[in-house]
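Asker: Residue-level listing of the chains:
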Amino acid sequence: MALMLAQYMAYLSPFLLPEPSRRRVLRGLVLGLAASVVWAIDFPRLEQLLLARFGQAPVALLRDWQRNLADASAASEKDKLRKVNDFINRRVRFEDDLSIWNQSEYWATPLETIGQGGGDCEDFAIIKYYSLKAAGIPLSRLRLVYVRARLEGPAGPYLQAHMVLAYYATPNAEPLVLDNLVPEIRPASQRSDLQPVFSFNSEAVWSGVGGKATKGAGGTSQLSRWQDLLNRARSEGVE
Amino acid sequence: MSMYRQLWLAIILSMLLALAGSLFASLLSARAYLEQQLSMKNADNASALALSLSQQSPDPVTAELVVAALFDSGHYESIRIHDPNGKLMIERVAPAGDSGAPEWFVRRVPIHAEPGEARVTSGWQQFGTVILVSHSRFAYQALWNSTREMIVALALASFVGGYLGSLILRRLRRPLQAVIDQAEAITEHRFITIPEPNVPELRRLAIAMNVTVTRLKAMFEEQAARLEAVRREANFDPVTGLANRDFLIARLRSSLEGEHATGGILFLIHVADLMDINKRLGREATDDMLRRVAQTITRNGLPRGGVDAEADEENLAGRMNGADFALLLTGQNARREVAEPLLQALISTLAPFVDGGSPVYIGMGVFKQGTALRTVLSQVDAAMIAAETEGANAVREAVIDTDDDIPRSADEWSRSIRQALDRRWLCLVSFPVVDLQGRLLHAECPLRLRLEAEGEWLPAGRFLPLAERLGLSAELDLAALELGLAELVRQPALKGLAINMSASSIVTADFLQKLEARLSKQREAAARLWIEVAESGALRNIDAFRRLCKLLASYRCKVGVEHFGPQFSQIGAVHDLGLDYIKVDASFVRRLDTHPGNQAFLKGVGAIAHGIGLLVIAEGVTSDAEFAALGEIGFDGATGPGVKVAGIA
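Respectively, the protein sequence lines represent chains A and B.
The first sequence begins at 147 in the numbering used here and counts up by one.
The second sequence begins at 26 in the numbering used here and counts up by one.
A portion of the hints provided could be inaccurate.
[Unchecked claim] Pair by pair, the computed Cβ-Cβ distance ranges are:
no.: 1; chain 1: A; residue 1: 333; chain 2: B; residue 2: 128; range: 52 to 58 angstroms
no.: 2; chain 1: A; residue 1: 240; chain 2: B; residue 2: 122; range: 53 to 59 angstroms
no.: 3; chain 1: B; residue 1: 93; chain 2: A; residue 2: 285; range: 27 to 33 angstroms
no.: 4; chain 1: B; residue 1: 45; chain 2: A; residue 2: 285; range: 56 to 62 angstroms
no.: 5; chain 1: B; residue 1: 180; chain 2: A; residue 2: 285; range: 48 to 54 angstroms
no.: 6; chain 1: B; residue 1: 93; chain 2: A; residue 2: 240; range: 55 to 61 angstroms
no.: 7; chain 1: A; residue 1: 209; chain 2: B; residue 2: 73; range: 54 to 60 angstroms
no.: 8; chain 1: B; residue 1: 53; chain 2: A; residue 2: 371; range: 27 to 33 angstroms
no.: 9; chain 1: A; residue 1: 242; chain 2: B; residue 2: 93; range: 58 to 64 angstroms
no.: 10; chain 1: B; residue 1: 54; chain 2: A; residue 2: 240; range: 43 to 49 angstroms
no.: 11; chain 1: B; residue 1: 53; chain 2: A; residue 2: 285; range: 32 to 38 angstroms
no.: 12; chain 1: A; residue 1: 190; chain 2: B; residue 2: 93; range: 49 to 55 angstroms
Honestly, the hints are just simulated from the structure, not real lab data.
We treat Cβ as the ideally placed atom computed from N, Cα and C, and that holds for glycine.
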């Protein structure tokens with residue numbers, strides 16, 4: 147509702163104000179508009195939770211992430227991908243779940259990834275997924291993909307389980323792969339080191355008792371790992 | 026609606042609500058669980074299918090095969106694959122069939138399971154989206170079965186609950202009924218107390234009622250005691266405690282006149298030279314002597330413990346004036362042989378007070394029913410004077426009547442009465458009982474009997490005491506009842522008809538059953554029947570009388586006590602009998618207009634009786650003046666020689 151109001155205001159204001167300030171106002175409004183789109187993420191609440199759980203240290207990263215998202219919102223779709231991918235790859239460390247979370251397998255919410263300042267391949271994919279969603283990319287174009295990655299090691303090539311984020315410009319198109327192994331975004335055909343196994347996103351996920359929109363009331367034991375992550379992120383204020 | 030029915034309805038309704046509620050709740054929760062399970066199955070199966078398809082880098086044909094294989098071998102309602110643009114690519118749908126539960130159940134309690142969705146990729150290419158719905162038939166079946174079982178279990182529980190509820194109600198019912206009965210009894214002027222029930226609310230009610238009843242009883246007893254004092258003052262000599270002259274004359278009259286007159290013996294006893302004794306010994310000693318004389322007369326003159334206790338109570342010792350005492354023995358039990366021993370006893374009593382000479386004379390006379398009072402008094406007085414002139418302590422007897430054509434021995438009487446019963450030589454005579462405006466309240470109908478086919482009709486006083494002694498009074502009373510009912514049937518306009526019953530009848534073993542047998546045949550006439558028992562008999566056999574009252578109340582007969590007054594102090598005993606009326610003895614009514622003591626007494630009796638809800642009727646009214654006096658003291662009716670129904674000459 148407020149979104150619509152802001153959009154309306156943004157449309158009207160250039161005609162209400164004198165010439166010189168028009169452009170400045172426009173940009174500010176567009177930024178504001180973009181910011182309103184980024185309302186899918188409740189930043190004040192995130193900051194509060196971040197402080198409570200992880201202390202003062204990661205707050206700067208959070209603010210930077212927020213700026214990055216605002217920036218990305220205003221960009222074209224390709225640019226969104228690039229901005230988000232670059233930011234995450236640069237600012238988030240790559241570490242495995244065991245050292246960060248003391249668990250063999252743990253999917254971190256964006257808050258947790260930022261709070262820790264690092265994560266493993268799933269965490270990268272997840273935070274990029276939420277970021278792109280917040281930046282305005284429709285979910286139907288995004289997929290999280292389980293892949294088999296062939297990596298080069300000292301003893302020769304070896305295979306590893308990996309997760310990447312795939313972007314489909316149209317449903318039948320070849321996807322672009324956003325990865326943390328290879329920093330730049332490449333089309334899938336150029337990523338012969340990856341072999342896809344299974345892909346999913348949050349559009350068609352049954353969230354437990356009560357249907358799609360509500361939290362699962364049957365207890366976490368009845369939720370899949372992905373459903374659990376979605377719920378946790380939602381409770382932290384990240385849609 | 027009855028309280029019990031309301032309670033029952035409340036119990037049933039609340040149980041139904043509880044059961045329906047729990048059934049509904051468990052049904053809903055079972056359905057939610059099944060929905061959840063189905064949805065999870067849908068999601069997992071869709072993911073598995075999508076995963077397995079993605080591994081094969083499928084083309085549409087392969088995909089269709091895999092879908093068919095999965096569909097045919099599993100429990101699915103539909104499996105669809107849409108292409109990335111949303112168009113339907115592959116579809117398998119189960120035919121509509123038996124859904125495992127009745128149609129109406131499926132409609133009412135639908136199970137909505139979320140379809141499972143998952144993405145299928147062929148390499149990096151999006152292949153499509155799987156949408157999978159498992160068959161809910163099994164879920165419906167499970168739900169239906171569990172619902173049925175639950176209904177059975179809850180129905181059983183409700184029966185148990187209902188049974189327990191009925192037990193509780195039954196426990197409540199009894200004390201409540203007792204309290205209700207007490208309340209109803211009070212409205213019928215039967216003041217009974219009940220044991221306190223356990224239920225706290227009812228106990229408070231019962232306590233309150235019992236206290237009220239007790240207070241009422243105490244009030245009546247207090248009033249009765251006060252009135253008793255009034256009565257004694259009005260009718261008894263203060264010095265000796267014997268009856269005074271008026272009372273004795275009235276009693277003498279009642280054994281001479283009226284249907285129930287029985288005749289008897291009158292003794293007049295004269296203490297000689299009373300004035301001399303008074304002068305010599307002083308007032309106090311003289312009074313003391315007189316009291317001793319009274320005691321002696323009572324002890325020796327009045328027979329006790331005889332066969333006919335009812336007649337005994339009609340006997341009376343009295344003081345006529347300063348030096349003259351009287352002893353009245355009524356009924357067939359009167360024995361002239363009492364005189365000699367009495368004389369001797371009196372001589373020895375008076376011995377300390379006189380100094381020689383003959384201190385006492387007795388005159389006596391046997392009289393029959395129907396003799397004039399003046400005749401009896403003058404003849405016995407003459408006999409006493411004759412005894413005095415003889416000089417020595419003596420007894421002289423007067424000869425009063427002569428007719429003697431009635432059988433004397435008990436056997437002959439027994440045969441005669443039985444013959445009269447068998448041949449129905451019985452009839453009722455009617456005397457009107459009117460209210461103070463002269464309207465008829467009822468006809469009092471004593472029984473008359475004749476001993477021969479064309480003989481004279483003997484009034485009750487002549488044969489009834491004998492019949493009681495011979496044990497025939499029950500049959501006579503039943504015969505009188507039959508005649509009374511027949512008369513009531515014959516005169517449907519007659520307001521009421523009163524029959525006397527004697528105490529010896531009501532204590533007879535199966536008298537009540539026979540009575541009930543006759544009443545039940547003539548219910549309409551029975552409702553106009555008035556039954557009365559003499560006060561002495563009723564009070565002496567109070568339990569039998571209570572049973573009689575209860576029986577008669579159930580046939581709506583009116584019950585009353587006649588010749589009421591002498592044992593007035595026992596009025597407390599009549600509280601819980603449910604009486605309808607009392608007839609006050611003639612001895613209190615005689616010359617009421619000139620007897621302020623009796624006026625006060627009867628006024629009090631009337632007040633008390635009205636307080637218990639009884640009609641008060643006076644017996645033996647002979648004059649208009651007495652009738653008028655009755656009006657002033659608030660009586661309800663009168664009967665007697667001087668009473669006529671208004672409008673009839």
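Asker: In ascending order, which of the hints set out earlier in this document are inconsistent with the structure?
Answerer: The structure breaks hints 4, 6, 7, 9; every other hint is satisfied.
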